[in-house]
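Q: Chain by chain, the residues run as shown.
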Amino acid sequence: MARNTESSTRSAGRVRVDPGPTLGAKQHRIGKRAQMSAWLANHQLVAIETLMALLARPMASILTWFVIAIALTLPGALWMTLDNIEQLSGRFQESGRITVYLQPGSEVLAGQALSDRIAQLPNVVTTDFISAEDALADFRETSGLQAALDLLPENPLPAVILVEPPLALSGEPLDTLLATLRGYSLVDTVQLDMAWIDRLMAMLVLGQRMSVVLGVLLSLAILLVVGNTIRLAIAARVDEIRVVKLVGGTNAYVRRPFLYTGLWFGFVGGLISWVLLTISWWLLSGPVSQLAGLYSSQFSLKPLSAVAALTLLLSAMLLGWIGAWWSVSRHLYRIEP
Amino acid sequence: MSILPADVMVRFDQVGRRFPGGNDALSGVSFELKRGEFAFLTGHSGAGKSTLLKMMMLMDRPSRGRVVVDGHDLSTLRSGQIPYHRRKVGVVFQNHQLLFDRTVYDNVALPLQIAGYSPIDAARRVRAALDSVGLLGKEKRNPIELSGGEQQRVGIARAVVNKPALLLADEPTGNLDPELSEEIMNLFLRFQQVGVTVLIATHDIALIERMGHRRLILEHGQLVQGGLPTEETVYGA
Chain A
1 MARNTESSTR SAGRVRVDPG PTLGAKQHRI GKRAQMSAWL ANHQLVAIET LMALLARPMA
61 SILTWFVIAI ALTLPGALWM TLDNIEQLSG RFQESGRITV YLQPGSEVLA GQALSDRIAQ
121 LPNVVTTDFI SAEDALADFR ETSGLQAALD LLPENPLPAV ILVEPPLALS GEPLDTLLAT
181 LRGYSLVDTV QLDMAWIDRL MAMLVLGQRM SVVLGVLLSL AILLVVGNTI RLAIAARVDE
241 IRVVKLVGGT NAYVRRPFLY TGLWFGFVGG LISWVLLTIS WWLLSGPVSQ LAGLYSSQFS
301 LKPLSAVAAL TLLLSAMLLG WIGAWWSVSR HLYRIEP
Chain B
1 MSILPADVMV RFDQVGRRFP GGNDALSGVS FELKRGEFAF LTGHSGAGKS TLLKMMMLMD
61 RPSRGRVVVD GHDLSTLRSG QIPYHRRKVG VVFQNHQLLF DRTVYDNVAL PLQIAGYSPI
121 DAARRVRAAL DSVGLLGKEK RNPIELSGGE QQRVGIARAV VNKPALLLAD EPTGNLDPEL
181 SEEIMNLFLR FQQVGVTVLI ATHDIALIER MGHRRLILEH GQLVQGGLPT EETVYGA
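Just so you know, the protein sequences line up as chains A and B, in that order. Residues in the first sequence are numbered consecutively from 1, following my numbering. Residues in the second sequence are numbered consecutively from 1, following my numbering.
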């Protein structure tokens with residue numbers, strides 16, 4: 001009896017080694033490869049069956065789907081907003097330049113010479129010298145205060161050198177540059193126009209941190225919701241689990257449908273979240289473009305990128321799976337035939 | 001290492017089971033079932049019949065002694081090996097433990113699906129099992145539509161579909177009238193005739209006496225008939 005010889009030599013707790021005559025009913029043995037393909041077939045079957053079960057009774061799981069969707073949409077929307085503000089601030093980097101005001105009454109030639117000298121400094125891309133007269137003429141044209149300006153006895157505007165540092169310049173090199181500029185005797189004050197961008201950047205970092213914290217908290221909420229839903233699903237199938245264990249179902253076999261259910265919960269929730277984010281984008285992008293148009297800006301609201309959408313979907317599925325695993329590992333082992 | 005003769009299917013050595021609280025469900029139970037043997041296990045209710053059957057399925061473990069099934073000392077099986085042990089043992093319950101959310105066919109196919117049979121292979125075996133219990137025409141029905149006797153036969157079909165070497169039954173005729181009970185018992189006899197070892201727990205004394213097979217009698221957790229003589233109970237221990 002080949003089967004018994006095989007099983008008794010394999011087992012650690014073997015008691016009998018001599019192969020006896022064939023007495024018991026013949027039992028079918030399944031080979032490794034067939035076992036593997038059966039395992040894969042079972043995964044496929046369970047994946048399809050659990051999805052069908054969810055879709056067959058959508059009202060039963062719609063609450064869970066929407067809780068997952070909303071929990072994902074909140075940090076998703078925040079992230080989308082910040083991503084757009086970042087894009088906006090990128091455009092303003094261009095105006096991150098240094099304005100050097102010269103002493104009143106400075107000679108035009110001296111100012112021009114200083115401008116050329118500054119242009120030679122490291123960490124300076126270009127400079128632009130605006131003489132007091134040019135500044136006044138410019139101001140006269142754009143301000144509409146022509147009449148009032150004509151009344152002034154002398155030009156109240158100082159000559160200015162506009163210094164453009166490289167885009168990424170910050171920290172110590174920037175401070176060094178500012179100190180150098182302040183050091184020239186001709187210079188009255190130096191103003192860095194980038195300060196407000198720094199503040200904006202700091203707020204963006206804060207916002208990103210907040211979206212991460214919100215994301216983590218809401219991920220926990222998803223775990224709890226999926227875990228609870230799976231707990232109810234387990235409770236509803238206690239009899240089935242007992243019978244399955246009784247006829248030789250392994251823990252993995254019993255676990256499988258619940259894990260797939262969690263995965264599908266996450267998938268559908270993620271999908272709904274993506275739809276919600278896309279609808280929000282669609283609703284907002286019109287007014288935002290209009291607003292940007294009023295500021296004569298080409299800015300338009302970016303939709304969720306394909307990578308971000310995929311990340312959203314995959315993390316939703318992962319959360320659903322983990323939530324299910326957590327619930328299954330807490331409740332399933334207590335059910336024994 | 002102890003060696004049991006090859007023809008021993010089940011062996012209990014001084015098995016005791018004490019529940020928390022000090023209540024002894026079984027004590028000093030020793031017996032043997034040879035391969036292909038047919039035996040009844042009887043006793044008053046609460047005598048320990050179910051506990052004894054559960055030990056062979058690893059639904060319960062002894063507090064003392066040793067249980068050997070099909071050459072394996074069950075105390076050495078790790079929890080991961082329990083499912084594979086259960087696949088070798090068919091079991092039938094009084095309340096048949098059928099699932100009413102699926103057809104008769106799917107109920108019987110469950111053990112095969114779990115063991116990883118291909119659907120075609122499984123279909124052939126399910127039909128054979130249903131045929132052997134006379135339910136071939138009812139595979140698409142829901143078990144809830146069937147009579148008590150028919151439900152019990154679905155349970156038997158599920159227990160034998162995997163061709164187990166050992167078939168256990170706990171009060172399989174408990175809810176049935178005498179005529180149906182005899183039918184069910186004859187079914188078990190037919191499985192014994194093809195080589196399956198069968199142990200049936202029942203308190204239907206009249207039926208047992210009519211059928212006249214080996215009897216194990218439990219009384220207050222002790223085997224009073226059909227056990228091994230005490231002097232040779234432990235092999236090589």
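Hints are supplied without guarantee of correctness; some may be wrong.
A short, non-exhaustive set of chain A residues, derived as facing chain B with CB atoms under 10 Å [claimed, not checked]:
(1) Ala38
(2) Tyr253
(3) Leu332
(4) Glu336
Just so you know, these hints were derived from the structure itself, not from any lab. Beta carbons are placed, not taken as given, at the ideal position from N, Cα and C, and that holds for glycine.
Q: Hint by hint, note whether the structure agrees.
A: Status of the hints after comparison with the structure:
no.: 1; hint: Ala38; verdict: holds, 3 Å
no.: 2; hint: Tyr253; verdict: holds, 6 Å
no.: 3; hint: Leu332; verdict: violated, 13 Å
no.: 4; hint: Glu336; verdict: holds, 7 Å
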